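There are 4 protein chains.
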Amino acid sequence: MCRWAAYIGSPIFLEDVISLPGHSLVRQSHGATRCHTPVNADGFGMAWYGERAEPGLYRDIMPAWSDCNLKSLTATLKSHLFLAHVRASTGTATSRNNCHPFAVGKWSFMHNGQFGGYDGYRRHAEALIADEYYPHRRGATDSEVLFLMALAEGLDQDPAGAMARATAKFEILARQRGIAPYVRLTAAFSDGHRLYALRYASDEQAPTLYHRWSDRRGGRAVVSEPLEQDETDWLEVPPQSFCIFEGDRVSQQPFLPDAARAAA
Amino acid sequence: MCRWAAYIGSPIFLEDVISLPGHSLVRQSHGATRCHTPVNADGFGMAWYGERAEPGLYRDIMPAWSDCNLKSLTATLKSHLFLAHVRASTGTATSRNNCHPFAVGKWSFMHNGQFGGYDGYRRHAEALIADEYYPHRRGATDSEVLFLMALAEGLDQDPAGAMARATAKFEILARQRGIAPYVRLTAAFSDGHRLYALRYASDEQAPTLYHRWSDRRGGRAVVSEPLEQDETDWLEVPPQSFCIFEGDRVSQQPFLPDAARAAA
Amino acid sequence: MCRWAAYIGSPIFLEDVISLPGHSLVRQSHGATRCHTPVNADGFGMAWYGERAEPGLYRDIMPAWSDCNLKSLTATLKSHLFLAHVRASTGTATSRNNCHPFAVGKWSFMHNGQFGGYDGYRRHAEALIADEYYPHRRGATDSEVLFLMALAEGLDQDPAGAMARATAKFEILARQRGIAPYVRLTAAFSDGHRLYALRYASDEQAPTLYHRWSDRRGGRAVVSEPLEQDETDWLEVPPQSFCIFEGDRVSQQPFLPDAARAAA
Amino acid sequence: MCRWAAYIGSPIFLEDVISLPGHSLVRQSHGATRCHTPVNADGFGMAWYGERAEPGLYRDIMPAWSDCNLKSLTATLKSHLFLAHVRASTGTATSRNNCHPFAVGKWSFMHNGQFGGYDGYRRHAEALIADEYYPHRRGATDSEVLFLMALAEGLDQDPAGAMARATAKFEILARQRGIAPYVRLTAAFSDGHRLYALRYASDEQAPTLYHRWSDRRGGRAVVSEPLEQDETDWLEVPPQSFCIFEGDRVSQQPFLPDAARAAA
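Going line by line, the protein sequences match chains A, B, C and D.
Quick note: the first sequence uses my numbering, first residue 1, plus one each step.
Quick note: the second sequence uses my numbering, first residue 1001, plus one each step.
Quick note: the third sequence uses my numbering, first residue 2001, plus one each step.
Quick note: the fourth sequence uses my numbering, first residue 3001, plus one each step.
Don't take each hint at face value.
Straight-line distance between alpha carbons at most 35 Å, and here's what the computed DSBU-like set of lysine-lysine pairs gives [what the hints assert, rightly or not]:
{"hint": "1", "chain 1": "C", "residue 1": "2078", "chain 2": "B", "residue 2": "1071"}
{"hint": "2", "chain 1": "A", "residue 1": "78", "chain 2": "D", "residue 2": "3169"}
{"hint": "3", "chain 1": "D", "residue 1": "3169", "chain 2": "A", "residue 2": "106"}
{"hint": "4", "chain 1": "D", "residue 1": "3078", "chain 2": "A", "residue 2": "106"}
{"hint": "5", "chain 1": "A", "residue 1": "71", "chain 2": "C", "residue 2": "2169"}
{"hint": "6", "chain 1": "D", "residue 1": "3078", "chain 2": "A", "residue 2": "71"}
If you are wondering where the hints come from, they were derived from the structure by calculation, not from laboratory data.
Bear in mind that the values here come from a model prediction, so they are computed numbers and not experimental data.
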């Protein structure tokens, strides 16, 4: 499992979400409370949007709490839209290319969850990556494969549908060749304009997902765990949901990779 | 705080202490049970003696649990005498030069503990390092200073006395310029023949120290925490003690830096 | 391009080949003279055989000249058979999993050369890795793919034939989908008993390969570049050759992946 | 020796100086032409000013040419004032804390040069750091000591004088305890408003220093080596000079640490 936090709204210093809150993402890197692994110290990363279409990307292999570059970057960079992630490896190596977020062109993507027995069918999952996106396959994680599959499924035109089709393909593979849990998946991704998030599991244990508008920040945080433990107004996204965040608006719809699969 | 484990006896693969036991040092790097910080993931290191007088030294900044080099080295290297350490920084940076063990010539040294308010008197502590040993000052930790001070105090001729005199000097400085707790200190060090360990605190909270002879290994482990949680025959070293391990023998004596200080 | 050095003979400290000679491998990492890229600083690695069937493996991303762990390991480890490599990336990331040597079970492998346009057909090359060896696919290099393909082709039973068949398959792919030069390849590999090396190119520019017996060491070095620039008795292996080194003996035979391909 | 580049002017993407020019700083990291060490691959760093008084700081231990984070950061960050450095160690370890620039509060500082025999008098140099700045002493370089000494000498009130006094103190120490060449020093530093640079040596071999206004960028680059090898209008700063860059203006004055020393 991993933990992540994203933000959309008025530009803020990244530290305002990543390290300053009482239960910030950095805090969660050594003391997460709503998942099985309190320690998420197998690298970290962040993607932030600014003047260019492509996000900036900074990822490294140290625990987030001890990286002096992360501290300086989050204290000096401002962004209206960013994603940040702390990793707990479920098997693959601690290397920069296995750290989230992943970025291709204007898109960035990060993931928390589990594809049961992925190591046994990695070869078959990778074979589903389209030629066009294969040069972007740099690491060994299931998460990067899902992202590259979704890009080929049309993330540009239909974010929810593309991600559902990619998830369905993965789930079929997991059912054929993997072990339970087939798919547990909470993800966030962005094209630099909208922020998308989804929560899904093929069993009863979808990883947690919350969001909350902050008047002080003038923006919304979308997170694995609430950033302050005494704030009671975080909204929990129910399982099998897909959210679109744009400006201060939220729209939420069912996320049904099964339906997509049936239609395939 | 940190955790460490050392071994003296018949040559064994290093993994037999560092990673294979149920509560091995690697396990303690993310789940220590007898100290305030369960996570000790700010780097690690090991020193082992072989054919040369100088120990081999391998230190790196990743958590011990995720380092593939550590896994391979401990699985293939055999030694009759080695020290290993997982670090939880009390402030200084996560860098190789701040990782234990430290080594100068034939000597290696590692430490778990705290010198209260050290950051406020680091300058004065470093000024106590003898010219001869200053080129070996590579990092910023209090532990490395203590080691270099002890070398100048005559570690070669009188290990217990040299370490007591160095500790006393440090304690004087801590009382003058630091904050309580002045000194908490559990350390192990070796010249390649004997293994030394000490447990001391200027208050009531000396870090833990245990040892146990293993017939299976044909050697003795000296550790911060017992390597198996169901083994009941680990011997706890009382505070203010200095131990000498040679072959299968143990000798234990009071460790009294105050006395050394008074005599100085 | 990269540079490498291997050794078989009486046990020696690894530094005796890797860092002490006047034109040692570490020296070649910043001043290689017989290849296009004098700087080979995109990581390094070494595999050495000792008491276990599996080799020890140490790889890291820093330039070889500045890694303090490498310095200590090579100064204290002795081995009768080892491989060492300094890397100049031809495109893939500087990460441990892209550093040579690669190791699977008792086998280790390292490579210097070029598969023209590999990035464009990586997907198809990876698809040729057998299921059995896919979990060992950790990085993104062509070299690791060649090694895993050779394992599936029967490296255990027929090292020369297996490597020829794997090379032939790679060359077919390179001709179909890559760009010239199709294949340039100098490699060394070992099962812990024999040391194998080959030199091959589909054009006129096979990377260099030399070997020399040293009475002082009681062993033979097999290298990209002679370890001393004033030693005149290094034997150059001609292109399209496969060498077997065992004890003090050398046997050399043609390496003809084309023939293997024709027979396939 | 090292290489560095700085910029002041209209905000530009950092890559416009650091990696895009034909003889960019990244290019100089493996092929510098105006110094003794063509390879400057022992880490790198950059400091850039934005919305906060303190600069952002990113430093790492890989060669600049292979760091994917550096590539992304320089492609997405814009700044009106920044410093960047590629390092060739003259002895101290490759670690983040030894990489330039160094930053304290609003000040950033980087250096290229040599204090002959520094290792022999490091202890005495460090003893000259004022108590107030000692907590900022994180690495082991002479450069960081010079910066911290200059801060205590009044960098805020009198940048040229403070740096001259610090250099003079260092030069006295070098003459007393070091070996020739006593001091060779080209440095750049900034408070976020002005950019300062100096070129000085106690012998005839001061490291090179150039600057050039670019209409295209709307700003001035100040560098160790011209960023394009065919641009003929780079201005070479003569030895023993101190430059102040503010907006598009340059003011240049003698840099005479000897005079400062005499007056001390």
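Worksheet entry | residue 71 of chain A paired with residue 2169 of chain C [C-alpha distance capped at 35 Å] | It is violated: about 48 Å lies between the C-alpha atoms, which goes past 35 Å.
Item to complete: Take the C-alpha atoms of residue 2078 of chain C and residue 1071 of chain B, compute the straight-line distance between them, and say whether it is at most 35 Å.
Response: holds, 19 Å
Worksheet item: Straight-line Cα separation of residue 3169 of chain D and residue 106 of chain A no greater than 35 Å?
Response: violated, 52 Å
Worksheet item: Would the pair residue 3078 of chain D and residue 106 of chain A pass a check requiring their Cα atoms to be no farther apart than 35 Å?
Response: holds, 18 Å
Discussion item. Between the alpha carbons of residue 78 of chain A and residue 3169 of chain D, is the straight-line distance 35 Å or under?
Written reply: violated, 41 Å
Item to complete: For the pair we were handed, residue 3078 of chain D and residue 71 of chain A, check the Cα-Cα distance against 35 Å.
Response: This hinted pair holds, its Cα atoms lying about 19 Å apart.
Hint compliance for this structure: hints 2, 3, 5 are broken, all remaining hints hold.
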